[in-house]
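Throw the hints in and build the complete structure from the sequences for me.
Quick note on numbering: UniProt numbering labels position 87 of the sequence shown as 87, and the sequence is numbered without any gaps.
By construction, these hints were calculated from the structure, which means they are not laboratory data.
We put the beta carbon where it would ideally sit given N, CA and C, even for glycine.
Incorrect hints may have been included.
Claimed, not checked - Beta-carbon label-pair distances, calculated as ranges:
#, residue 1, residue 2, range
1, T127, K500, 49 to 55 Å
2, H482, F593, 33 to 39 Å
3, K326, H482, 56 to 62 Å
4, T132, G28, 47 to 53 Å
5, I237, T127, 31 to 37 Å
6, S187, G424, 37 to 43 Å
7, S156, G91, 39 to 45 Å
8, Q264, K326, 29 to 35 Å
9, N461, N105, 56 to 62 Å
10, E528, Q580, 18 to 24 Å
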Amino acid sequence: MVRRVKALIVGSGPAGLTGAIAIAESVGSGEEVVIIDEGIEPGGQLPKQTHKFFGHEGFYASTRGFEIGNLLVKKVKSLGVEIIQQSTVTGIYEDVITVYDRVNNIVHEYLADYLLIASGATERFLTFKNNTLPGVYGAGAVQTLMNQYKVLPGESFLIVGAGNIGLIVAYQLVQAGAQVKAIVEASSRVGGYAVHANKVKRLGIPILLRHTILEAIGKDKVQGAVVAGVDERFKPIPGTEKEFVVDAICLAVGLQPNVELVAQTGAKLVYIPELGGYVPLRDENMKTTVHNVFVAGDLSGIEEATTAMIEGYIAGYNIAQELTGKSFEDKIEKMKRELEEFRRGPFSKKVRDGLRKMGIVFPEGGYREEQQTDRGPVGKLRAIIECPEAIPCNPCETSCPTGAINVGGNINGIPQIDYSKCIGCGVCVMKCPGLAIFMIQEKEEYSLVGIPYELLPVPTNGTKVKLLNFEGKEIANGEVDHVVLNNKGKTHIVFLRVPKGYEDVVRSFRLPEKAEEFICRCEEITKEDIERVIDMGITDYEELRRVLRIGMGPCGGKTCRSLTLQIISEKTGRAISEIQLGVYRPPTMPTPFEAVVKSALSENDEVSENMMLLTCSDGRQ
1 MVRRVKALIV GSGPAGLTGA IAIAESVGSG EEVVIIDEGI EPGGQLPKQT
51 HKFFGHEGFY ASTRGFEIGN LLVKKVKSLG VEIIQQSTVT GIYEDVITVY
101 DRVNNIVHEY LADYLLIASG ATERFLTFKN NTLPGVYGAG AVQTLMNQYK
151 VLPGESFLIV GAGNIGLIVA YQLVQAGAQV KAIVEASSRV GGYAVHANKV
201 KRLGIPILLR HTILEAIGKD KVQGAVVAGV DERFKPIPGT EKEFVVDAIC
251 LAVGLQPNVE LVAQTGAKLV YIPELGGYVP LRDENMKTTV HNVFVAGDLS
301 GIEEATTAMI EGYIAGYNIA QELTGKSFED KIEKMKRELE EFRRGPFSKK
351 VRDGLRKMGI VFPEGGYREE QQTDRGPVGK LRAIIECPEA IPCNPCETSC
401 PTGAINVGGN INGIPQIDYS KCIGCGVCVM KCPGLAIFMI QEKEEYSLVG
451 IPYELLPVPT NGTKVKLLNF EGKEIANGEV DHVVLNNKGK THIVFLRVPK
501 GYEDVVRSFR LPEKAEEFIC RCEEITKEDI ERVIDMGITD YEELRRVLRI
551 GMGPCGGKTC RSLTLQIISE KTGRAISEIQ LGVYRPPTMP TPFEAVVKSA
601 LSENDEVSEN MMLLTCSDGR Q
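What follows is the structure, given as structure tokens:
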């Protein structure tokens with residue numbers, strides 16, 4: 001049976017969701033608006049994005065990607081729009097649209113008055129020796145495993161590609177507890193935002209420009225990688241090879257639009273490298289060359305999630321306008337102005353150049369490019385903004401309770417601070433998506449530096465730390481003075497005591513490496529484990545054994561009993577001679593049940609054999 005709907009949306013990413021909101025709100029009902037999506041949960045790439053987004057608060061700036069997805073999905077469902085997951089649009093024919101339902105293993109058929117295709121993009125791959133070894137992942141796969149399924153696909157990584165995706169994944173891997181050995185980039189410059197690059201550099205992750213991967217090392221899985229420098233034509237330079245010991249390689253080398261479905265509608269495709277390759281030809285209203293087919297998001301050109309949301313609204317309002325015959329020009333023009341402001345900056349140049357080839361022109365410039373040189377009054381607790389590029393972002397401005405920060409009228413402007421208004425509250429530090437704002441105060445004997453912090457564990461007051469500079473290199477010793485926790489946004493501020501004169505160079509820190517001291521090697525019980533239980537009030541060896549299983553391994557406590565008694569003595573102040581030694585229980589060494597049974601029942605072989613079968617039938621001794 002063919003189901004007919006007013007609007008069928010392909011893809012539940014940011015563009016598809018905002019398109020559905022625009023249509024459902026304008027039509028007055030979402031019952032005849034359906035979203036088809038392949039994923040197990042709606043949101044497209046949003047559910048796997050744990051970082052805060054740029055932009056302005058109207059489009060969820062300083063909100064983490066997965067939270068944005070939740071907000072948009074909640075809004076879509078409140079309007080009555082149906083989201084059908086784990087289903088794939090397999091074909092768009094002249095008389096029907098086919099959808100494969102993977103859950104029920106059945107093909108459904110649809111007819112739609114209008115189509116909004118927001119099918120996103122696919123990761124590009126890279127050719128190198130052994131690139132099919134287990135352990136070679138695309139960046140999206142790493143994010144899916146790590147952030148959606150809570151599975152860390154490796155312990156040590158090489159990242160290939162220094163665009164925003166590669167930089168973001170590197171940072172998220174460190175947050176998850178992995179080690180990133182390096183990021184390699186074939187270009188002569190970092191392709192992503194400088195604030196993203198700076199925050200991974202502060203963690204000590206090197207970014208090797210004009211380098212590429214040559215080979216994945218390993219037989220059954222990745223055990224290393226070979227990289228080399230490249231010349232002006234991106235060809236490897238002999239003799240520049242470097243080898244990294246890693247167990248995972250993450251490729252973040254760009255995206256290409258998923259044009260298959262829009263091509264099946266008969267819409268014209270054009271090749272525009274600046275937009276990611278082949279893209280559908282469309283107008284400023286997101287309409288393709290087929291009258292009832294609209295597009296939005298990465299399918300229409302690789303860009304940011306914020307512009308995908310805006311394009312979704314533009315397409316949705318235009319579809320609603322045609323469905324109802326009503327005018328929504330005010331809303332459409334508002335969204336176009338938003339898009340114009342976002343695309344004025346230097347990072348949108350490629351997109352502007354690509355759209356110009358379609359006859360769509362966006363203005364550029366009109367934003368502040370000057371960085372502030374004034375560091376504020378010495379001795380006053382104040383914010384220091386180190387955002388060196390014009391990017392579309394202004395949460396620092398809108399979150400400042402005293403209006404001390406401004407970006408100069410256009411969202412792409414570099415922010416500056418009026419220190420006569422700055423009260424040192426730190427709100428801007430916790431709101432900045434790029435972690436590019438710090439706090440400074442000079443004291444008589446030392447200086448305070450406030451560092452935005454999103455890692456675990458969060459250090460406690462008095463913790464001794466290694467102070468790191470902009471490149472993640474150790475420059476001095478320091479101490480945690482205090483921590484301002486931000487339990488809602490999860491970007492905390494760790495205030496460090498640093499030597500006088502270091503306030504302008506300390507931008508990160510490293511907690512002291514804590515070596516585990518194993519007391520009971522059989523049961524892998526550490527000194528810290530024992531001390532923690534003693535601090536709970538358990539100071540008797542037998543009680544410790546019941547709680548921790550200490551001394552219950554193959555050695556029977558030969559090594560750990562005396563060490564444990566020493567720890568009890570140190571923690572309680574009692575002499576070892578005053579502490580109960582504990583019971584020595586047999587057997588003194590592990591003995592198979594089979595041997596015991598054979599000995600006990602050796603006089604009756606038949607009974608002995610049957611007993612052994614009963615005892616050992618499950619394969620255990």
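Looking only at beta-carbon atoms, does the pair T132, G28 fall within the given range of 47 to 53 Å? 52 Å, holds
Within 18 to 24 Å or not, the Cβ separation of E528 and Q580? 23 Å, holds
Does 37 to 43 Å hold as the CB distance between S187 and G424, or does it fail? At roughly 39 Å between Cβ atoms, G424 and S187 fall inside 37 to 43 Å, so the hint holds.
So does S156 sit 39 to 45 Å from G91, Cβ to Cβ? At roughly 43 Å between Cβ atoms, G91 and S156 fall inside 39 to 45 Å, so the hint holds.
With respect to the beta-carbon atoms only, verify the hint that T127 and K500 lie 49 to 55 Å apart. For K500 against T127, whose Cβ atoms are near 53 Å apart, the range 49 to 55 Å holds.
Against the range 56 to 62 Å, how does the distance between the Cβ atoms of N461 and N105 compare: consistent or not? Given a distance of about 58 Å, which is inside 56 to 62 Å, the answer is holds.
Taking the Cβ atom of I237 and the Cβ atom of T127, is their distance within the range 31 to 37 Å? The hinted range 31 to 37 Å is violated for I237 and T127, with Cβ atoms some 18 Å apart.
Look at the Cβ atoms of K326 and H482 and judge whether their distance stays inside 56 to 62 Å. 57 Å Cβ-Cβ, so the 56 to 62 Å window holds.
Verify the CB-CB distance for H482 and F593 against the hinted window 33 to 39 Å. Between H482 and F593, where Cβ atoms are some 58 Å apart, the hint is violated.
Go ahead and decide if the range 29 to 35 Å is satisfied by the Cβ distance of Q264 to K326. Because 30 Å falls inside the window, the suggested range holds.
Comparing the model with each earlier hint shows violations of hints 2, 5; every other hint is respected.
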